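**Student:** These protein sequence lines map, in sequence, to chains A and B. Each step along the first sequence adds one to the number in this note's numbering, with nothing skipped, and position 323 is 1519. Each step along the second sequence adds one to the number in this note's numbering, with nothing skipped, and position 53 is 123.
Keep in mind the hints are simulated off the structure, nothing from the lab. Any given hint might turn out to be false.
[Stated by the list, open to error] Chain A stretches covered by chain B per the calculated footprint, using a threshold of three residues with CB under 8 Å from any CB of chain B: (1) 1559-1565; (2) 1571-1579; (3) 1591-1604.
[As the list claims (entries may be wrong)] Okay, derived cross-link-like pairs now, PhoX-like style, lysine-lysine, Cα gap no bigger than 20 Å in a straight line: (4) Lys295/B to Lys1597/A; (5) Lys1550/A to Lys297/B; (6) Lys320/B to Lys164/B; (7) Lys87/B to Lys1233/A; (8) Lys220/B to Lys369/B; (9) Lys222/B to Lys164/B; (10) Lys1284/A to Lys1306/A; (11) Lys1288/A to Lys427/B; (12) Lys321/B to Lys1550/A; (13) Lys1550/A to Lys320/B; (14) Lys1238/A to Lys87/B; (15) Lys1535/A to Lys1672/A; (16) Lys1351/A to Lys1306/A; (17) Lys295/B to Lys1598/A; (18) Lys1233/A to Lys1430/A; (19) Lys369/B to Lys162/B; (20) Lys1393/A to Lys1712/A; (21) Lys321/B to Lys220/B; (22) Lys1464/A to Lys1598/A; (23) Lys427/B to Lys1233/A; (24) Lys87/B to Lys222/B; (25) Lys321/B to Lys162/B; (26) Lys1535/A to Lys1512/A; (27) Lys1393/A to Lys1238/A; (28) Lys297/B to Lys1597/A; (29) Lys87/B to Lys369/B; (30) Lys164/B to Lys369/B; (31) Lys369/B to Lys295/B; (32) Lys251/B to Lys162/B; (33) Lys164/B to Lys220/B; (34) Lys1598/A to Lys243/B; (35) Lys321/B to Lys297/B; (36) Lys1535/A to Lys1550/A.
All figures in this text were calculated on a predicted structure; none of them were measured in a lab. We put the beta carbon where it would ideally sit given N, CA and C, even for glycine.
Listed here are the chains, written in short residue letters.
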Amino acid sequence: MESPAHTDRRAQEQDLTEDDPGNLAVSMEHVSKSFGKVLANKDVQLQLRQGEILALLGENGSGKTTLMNMLSGIYFPDYGDIHVHGRKVTIKSPKDAFDLGIGMIHQHFKLIPVLSAAENIVLGQPGGVVVSRRSLNADIRELATRYGFEIDPAKKVYDMSVSEKQTVEIVKVLYRGADILILDEPTAVLTPHETDKLFAVLRNMKEDGKSIVIITHKLHEVLAISDRVEILRKGEFIGVVETAQTDQSQLTEMMVGRPVSLRIDRPKLPRGEERLTVQGLTCLSSYGVKVVDDVGFSAYGGEILGIAGIAGSGQKELCEAIVGLYPATRGSVVYRGTKDGAIVREQLLGRRPKELTRKGVSMAFVPEDRLGMGLVASMDITDNVMLRSYRDNHSVFVDRKKPQTLAGHLIEDLEIVASGPEAIVGRLSGGNVQKVLLGREIARSPGVLIVAYPVRGLDINSSYKIYDLLNEQKRKGAAVIFVGEDLDVLMEISDRLMVLCGGRVSGTVDPQKATKEEVGLMMIQLAGSEAVAS
Amino acid sequence: MSTKAGAKREPLLRMVKRDDLSPLRAWAYRGIAFILALVCGGLLILVLGHNPILVYRDMVIGAWGSSTVIRETIKLTVPLLVTAIGLAAAFKMKFWNIGGEGQILVGAVAAGFFGLYTAQIFPRPILIILMMLAGMAAGGLYGLIPALFKAKWRTNETLVTLMLNYIALAFVKYLMNGPWKAPGSTFPKMPMLVSGGRMTQVLGVHWGWILALVIVVIAWFYFNKTKQGYEISVVGESENTARYAGISVKKVIIRTMFISGALCGLVGMMQFAGADYTITEGTAGGVGFTAITVAWLAKMNPFGMLVVALFIAMLGRGSNTIQTIYKIPASASSLLIGIILFFMLGCEFFVRYRLVKRGKEVPDA
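Bound-form chain A, shown alone (with noise of 0.2 Å):
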């Protein structure tokens, strides 16, 4: 295992002799940086040649993110030097990032709403009291036509699409003059479409001379974009690759630090009951906008079912509808299952959970906001255990007995890296978090499982456990719905995927017929009617 890594560092440091000094763009040496106990990065160096788009590839919390932060500003090193086009300097915070020429584009876009994108632009830059509209328009046209953006200056950042967004912050940063570029995970909020558009873009400022980091842990993109690779793994160097000379295959292995198989189970199984019907359902935004416009569909036992959609199209709130978290103003949803040999058959809008559970509504839900909503994170994993069920018994006092037990269970099943049902669950890494999380939903035997994001910033490791888990729930006959944002994964788990765009279905797809770009396209437009039937 640790061979690979130690030619590799070799390679490195040939290619460091190498290149002139003069051609990095960006030069990072011995780089250490840790929060309380946990080192984020560990004696790292990076190398950015001018003119080229570095990958910086690893798992989530291998430390690609921190790593670029000290070179925004963001965080300061504990140990190590940065140089900057050959000269050593001290950055110590966004401003001496931007003085030096460094652009971040951060994962969550850090933009006004009720601001225009010339605004958002213009915002915080240097100059007099006085912005001339007219030349920073014109400036922002000339930048986009250089590199093939397409932007509107006037338009408002909340009238935008997540990608319009990313380009303003794009601009954003070429305005002020950035000619090194790092762009955190651009690609997770975009189409397949929109993913091309902005690769293009990146090519096109390559081109230009620009150097570009970009952080991601999509191996094809990887493959697609960049000119070299550079791996970490759990805040570690691991090595740097040509792009041109490389694989997947041998990027997992130097991501994961083993060979993996990256094929998700999908096992074969009859389509069992209807569990959960869902029709006209419509919810309402906190300012009157429909974010669930008359959803329907039907969830079945023995089955996953994939929600796919770019951000913000309406997941959050049709999952929280469904479980009685979000008000409905229109739709029905109806639960089919058995308690104790009986039919069970309830609708579920407007019920009180209690009354509901008592009835046999057995539904489990994973939320994406997992310490928020889920779980606290103050608490131990016993207590944890015990959220959903505490009420369970008529006692004033609690019982944690049997929930001390089942943590114990989930702890040496899930293969939870804790010290014990007592350890604090806000102290876990989110792999282990999650698998508290959905463990606990698990061991309710639901009729219905729902989860959304499940997989969000795990490692590859927890990933695998995670879809081993769902595929197990599915197996004992539960009707699992699948909320996700990676379209491989979902391509791959699901048995049939909806598409969402707009809090509207715009189709359902065989995603074992259906191509990716087809998928793509529905993310973004609705289909023709005869999709919307289920």
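Put chain B on the given structure of chain A with help from the hints.
**Tutor:** Using the frame of chain A, we list chain B on its own:
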């Protein structure tokens, strides 16, 4: 691309969060902080022209030196402790009830109604029970106002509870000057509670101290072992999680604030029927605010609050004593208490974070 950025240096001090401090070391830190507080306060005493060691000794003697002063110290402890527990119930829910003062006053007034006007009708046990129930109900209902406002209109409870303090205070002044003014008195004051309506003394202090100890134990069980206590913690951590778990957030806020206010109201009743035997604008006397410090220093643990309340009561008593012995002005002895509390609260920062100096801390690479 100026050269400025390159010239800048690493910051002099950095804060680093620590999560690995053993309880023993944490207590050592607190001990050091206490010693530093004494040294710092000692300098103040030196400047005033006294021997710090003698002054500190007399402070302790003033609080614990004789059975008389011990009783006085306990008398100060009881309201602090019970109020702190009441506030802690709300604080655990992240509901910032800083209206202890007002809730104490309305509790005292409600108890005062029965104490001043029905003492002739009821025998003592019934009268005491009536006063207690009235005090708790009034305090609880007064605590409900900010809870209902928050549940209904999402108002800021800090502002509402704070302002309700002044309303209660103004109401007490109105009663003193008008309807409840003692007959024949030229000063605005209320009549005294007749001896038949006063709380019985046990070991020289009204039996409220026994009640306070019982409340400590009950509160510990309530916070840590009951479903309602669990619900308070969940709501305090995240309202979304509480809703997800099927907890009615509004119900928990309202129920808990009633309990919080009721305990403060009980304090008002005890101050009236056990300590002062009358009601003035000084009946709450800052207890509602000092109790906030007690609850936080004890990290919402009722047994911890018992210790902290005793400590703060001792400081209060002791500073009274040194004022009379050494003719130290009241402002200076308040300053002394302030210095000690400053160090005790300040050291919690060092328990949670450590500072790293420039150039130090090379990680083991």
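**Student:** Look at each hint and say if it fits the structure.
**Tutor:** Going down the list of hints, with the structure as the test:
no. : hint                   : verdict
1   : 1559-1565              : holds (count 3)
2   : 1571-1579              : holds (count 6)
3   : 1591-1604              : holds (count 4)
4   : Lys295/B to Lys1597/A  : 12 Å, holds
5   : Lys1550/A to Lys297/B  : 15 Å, holds
6   : Lys320/B to Lys164/B   : 13 Å, holds
7   : Lys87/B to Lys1233/A   : 9 Å, holds
8   : Lys220/B to Lys369/B   : 25 Å, violated
9   : Lys222/B to Lys164/B   : 17 Å, holds
10  : Lys1284/A to Lys1306/A : 29 Å, violated
11  : Lys1288/A to Lys427/B  : 16 Å, holds
12  : Lys321/B to Lys1550/A  : 14 Å, holds
13  : Lys1550/A to Lys320/B  : 16 Å, holds
14  : Lys1238/A to Lys87/B   : 18 Å, holds
15  : Lys1535/A to Lys1672/A : 15 Å, holds
16  : Lys1351/A to Lys1306/A : 16 Å, holds
17  : Lys295/B to Lys1598/A  : 14 Å, holds
18  : Lys1233/A to Lys1430/A : 14 Å, holds
19  : Lys369/B to Lys162/B   : 9 Å, holds
20  : Lys1393/A to Lys1712/A : 16 Å, holds
21  : Lys321/B to Lys220/B   : 12 Å, holds
22  : Lys1464/A to Lys1598/A : 35 Å, violated
23  : Lys427/B to Lys1233/A  : 17 Å, holds
24  : Lys87/B to Lys222/B    : 38 Å, violated
25  : Lys321/B to Lys162/B   : 15 Å, holds
26  : Lys1535/A to Lys1512/A : 29 Å, violated
27  : Lys1393/A to Lys1238/A : 35 Å, violated
28  : Lys297/B to Lys1597/A  : 14 Å, holds
29  : Lys87/B to Lys369/B    : 19 Å, holds
30  : Lys164/B to Lys369/B   : 13 Å, holds
31  : Lys369/B to Lys295/B   : 17 Å, holds
32  : Lys251/B to Lys162/B   : 40 Å, violated
33  : Lys164/B to Lys220/B   : 12 Å, holds
34  : Lys1598/A to Lys243/B  : 55 Å, violated
35  : Lys321/B to Lys297/B   : 13 Å, holds
36  : Lys1535/A to Lys1550/A : 16 Å, holds
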